[in-house]
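Participant: Sequence:
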Amino acid sequence: MKRIILLRGPRSALAASAPEWAKAQGWATAAERIVVHVGLEAPVDDGGAAVPPVYDAVIELWSDAPCDADSLRSDWEQAEVRSSTQIVGKPSEYPLAVGISPGLSQLSFIRAIEGLPRTEVERHWGEHIPLACEIHVGMNRYVQDRLSPPDPWFGMAHLHFPSEAALRDGLFRSAEDIAVITADVAEFVSDYATMVAIEHIVKA
-9 MKRIILLRGP
1 RSALAASAPE
11 WAKAQGWATA
21 AERIVVHVGL
31 EAPVDDGGAA
41 VPPVYDAVIE
51 LWSDAPCDAD
61 SLRSDWEQAE
71 VRSSTQIVGK
81 PSEYPLAVGI
91 SPGLSQLSFI
101 RAIEGLPRTE
111 VERHWGEHIP
121 LACEIHVGMN
131 RYVQDRLSPP
141 DPWFGMAHLH
151 FPSEAALRDG
161 LFRSAEDIAV
171 ITADVAEFVS
181 DYATMVAIEH
191 IVKA
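Note that the sequence shown ends on residue 194 in the working numbering; no numbers are left out.
In short, the hints are calculated from the structure, not lab data.
Be aware that a few hints might be false.
[Stated by the list, open to error] Okay, derived cross-link-like pairs now, BS3-like style, lysine-lysine, Cα gap no bigger than 25 Å in a straight line:
hint, residue 1, residue 2
1, K80, K(-8)
2, K13, K193
3, K(-8), K13
4, K80, K193
5, K193, K(-8)
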């Protein structure tokens, strides 16, 4: 079973280092795989304050061990646990090893259009994969997580880029690319939030 854990506001000193915190949890021993994305602040031009990430940490956990949000709130101000159906749109070209992955992750959380049946949202999102792979030329990995329950987010898209330059120059090739992606996503997404993160593979 794969779960996505969304965390904000580390309360404890251990939680301030999310990868070390995840490694110390009871469910870590039994987990098949643990990946921790540590959110980065987004820079703002003209001397403004940096924008905090949507989440301080996002954890991908492959485990059948119990893990509920209430058990995490002694260490985190906010914690959400969602089960995931994972769809790999573009597999990694290299083995993923324990440690910090080279490059950056872009995590996009999507809200589905209200009233649109889940099957339709999943169909649209599945059909989006070839377009994403064609346009986001700099990414070397693409994964969709369809979350349950789908509140507040229907899903999470994980685009991984091998370097900061690949993200900057290879997310879109042109303004036309942005328009094409925006039009396609508008068919099934009502709102979204995006963050950039450093990926730590705690257990491979």
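Participant: Work down the list of hints and note, for each, if the structure agrees.
Facilitator: Evaluated hints:
Straight-line distance between C-alpha atoms of K80 and K(-8) comes to about 18 Å, which keeps the hinted pair within the 25 Å bound. Our distance criterion of 25 Å between C-alpha atoms is met by K13 and K193, whose separation comes to about 8 Å. As the CA atoms of K(-8) and K13 are separated by approximately 17 Å, the hinted pair is consistent with the 25 Å bound. Proximity of K80 to K193 is assessed by CA-CA distance (about 21 Å); at most 25 Å being required, the pair is judged to hold.
Of the supplied pair hints, the one linking K193 and K(-8) holds, its CA atoms being roughly 14 Å apart against a limit of 25 Å.
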